[in-house]
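**Student:** Each chain, written out:
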Amino acid sequence: MGMTITEKILAAHAGKATVEPGELIHAQLDAVLANDVTAPVSIKEFEAHNIEKVFDKERVIFVQDHFVPAKDIKSAEQAKIMRDFARKHELLNHFDVGEMGIEHCLLPEKGLVGPGDVVIGADSHTCTYGALGAFATGVGSTDLAAGMALGEAWFKVPETIKFDYDGVLPEDVTGKDLILHTIGDIGVDGALYQSMELTGTAIENLSMDGRMTMTNMAIEAGAKNGIIAPDKTTLAYIEDRAVRPFKVYASDNDAKYVREIKYDVEKLEPVVAFPHLPENTKPVSEAGHVEIDQVVIGSCTNGRIEDLRLAAKIFQGKKVHKNVRCIIFPGTQAIYKQAIKEGLMEIFIDAGVAVSTPTCGPCLGGHMGILAKGERALATTNRNFVGRMGHPESEVYLCGCNVAAASAIAGRIVHPREVE
Amino acid sequence: MKFNGPVWKFGKDIDTDAIIPARYLNTTSPEELAKHCMEDADPTFPQKVKAGDIIVADKNFGCGSSREHAPICIKAAGVSCVIAKSFARIFFRNSINIGLPIFECPEAVDGISEGDVVSVNAADGTIVNETTGATFKAKALPASMQELIAVGGLMKYVQAKLAAKA
Ligand code: SF4
Chain E
1 MGMTITEKIL
11 AAHAGKATVE
21 PGELIHAQLD
31 AVLANDVTAP
41 VSIKEFEAHN
51 IEKVFDKERV
61 IFVQDHFVPA
71 KDIKSAEQAK
81 IMRDFARKHE
91 LLNHFDVGEM
101 GIEHCLLPEK
111 GLVGPGDVVI
121 GADSHTCTYG
131 ALGAFATGVG
141 STDLAAGMAL
151 GEAWFKVPET
161 IKFDYDGVLP
171 EDVTGKDLIL
181 HTIGDIGVDG
191 ALYQSMELTG
201 TAIENLSMDG
211 RMTMTNMAIE
221 AGAKNGIIAP
231 DKTTLAYIED
241 RAVRPFKVYA
251 SDNDAKYVRE
261 IKYDVEKLEP
271 VVAFPHLPEN
281 TKPVSEAGHV
291 EIDQVVIGSC
301 TNGRIEDLRL
311 AAKIFQGKKV
321 HKNVRCIIFP
331 GTQAIYKQAI
341 KEGLMEIFID
351 AGVAVSTPTC
361 GPCLGGHMGI
371 LAKGERALAT
381 TNRNFVGRMG
391 HPESEVYLCG
401 CNVAAASAIA
411 GRIVHPREVE
Chain Z
1001 MKFNGPVWKF
1011 GKDIDTDAII
1021 PARYLNTTSP
1031 EELAKHCMED
1041 ADPTFPQKVK
1051 AGDIIVADKN
1061 FGCGSSREHA
1071 PICIKAAGVS
1081 CVIAKSFARI
1091 FFRNSINIGL
1101 PIFECPEAVD
1111 GISEGDVVSV
1121 NAADGTIVNE
1131 TTGATFKAKA
1141 LPASMQELIA
1151 VGGLMKYVQA
1161 KLAAKA
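As you go down the protein sequences, you meet chains E and Z in turn. Heads up: the first sequence begins at 1 in this note's numbering, then just goes up one per residue. Heads up: the second sequence begins at 1001 in this note's numbering, then just goes up one per residue.
No lab work stands behind these hints: they were computed from the structure. Note that this is a predicted model, so its numbers are computed, not measured. Any given hint might turn out to be false.
Claimed, not checked - Derived list of chain Z stretches under chain E, where covered just means 3 residues or more per stretch with a C-beta under 8 Å from a C-beta of chain E:
id, stretch
1, 1009 to 1018
2, 1021 to 1031
3, 1056 to 1064
4, 1077 to 1090
Cβ coordinates follow ideal geometry from the N, Cα and C atoms, glycine included.
Please model the complete structure; the sequences and the hints are all you need to start from.
**Tutor:** Structural data, given as structure tokens:
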């Protein structure tokens, strides 16, 4: 019996020839990741159990991204716990203010994760790295502390659902729309405990940025991981960046899937997820009249250069609606710099957009754009739970960068073609 | 381990932002976090929850972020265990790792109402609704997870493993 790409990667890291769904394994880890919200909890566990050193100074990766530059005294204390630990253990990959970016934009960019890796991160969107053909999954802080100490973790081998996206993407339809449509179809627990393997011609034609947007949101369907087999697009992206040798895996033709789901992408249009779950999706043409107070473009889902280019194309020569506050968060310093070089920043600032240094910011209701009671935001982020971006009685709608930019101009949720 | 207490009931897809909103994640203190437990699902919950109470929820409890603060705040608020139709996977792992007992049992969720008194036998997964007399059986944890709990949690396992290497 053949194996899926996820099964093959897990088997190789568990030192086994084969594994089967449901099997519990201990796997070697290629990288473990934590941020300024989750690392302090891991560090507390690590130190409370008198563990002397991390398993590998290069592979324990810390990113200060959620509440830094510190938003208040308490967050400053959290960041300091992480900073002190990183210095004490001489971690080689601790990204602090000035170097940091949103973790899931930063790690692929720096080549710290690559095809065939097994990666855990104390952050649920660690599943992003599946776009590179890695097995990557989010864990909690205690799992992370154990990973920091041992360089291994236990996993239950997941069953896999195969998604086949067939056809050529219509204009205005992005990777974000594909994944929102998928979550709307299968639900926020539609892939619970399972692996989502994304395939098909539409995926083959998608850039790395678009692919990362999709695997990023696998967790939003409850999945353990999302994964795309490496191809020439992947290799072109990773070859010059990878800090370690990597290995390309692919699913066997006779691999076993628990479900196979096919989408004809040519029928799709841009999608918006209504409050308060990512599964509450509608085609944008059916959104009705929804006025918005704030638009947020960025995050680990849509904060990459291609996302900013798409937004800039729409903002070119236009102004943000007078009732809308629009904030853009580039994912990393390199993306920020590239956007300046390409003149995108000028377009944003001329349009009346506020541009922030890379940070998670309002995505999790942290800082830099918190909503008041009754306010409504349209965001290119990944979650629209109650209170996610501020007051429990505020609302978040999710979409791709083109819909977000167009709606910022219109003052209400619109299809990008309405502002052309 | 046996638990016995009155039930607070919640709906489906209760996410980690509802369990502990991100605006409180600038601390790791369990006591501080407990003050805001379930606040965005029920703002009065932190005031009314008492030690030994039980949470019963519909499907996909704990979906969303990986924040361990979620099971930590529930445990620190005094909740003895959580029964749900299903749990999101990171929440499930985190609960096991920090020692918050959780039970998957769809029938029990349908057969328990808010305010009912429920007793749970963790060893065999038996759940009894003392108010109605109905009995349910939760799914047993895999043996390796029971072992983890038996040695005192994941970090105790790590310590033993490191000691064996040294
Ligand atoms: S950008 Fe948002 S979803 Fe991504 S890591 Fe930061 S808080 Fe989490």
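**Student:** Kindly indicate which numbered hints from before are broken by the structure, ordering the numbers from low to high.
**Tutor:** none
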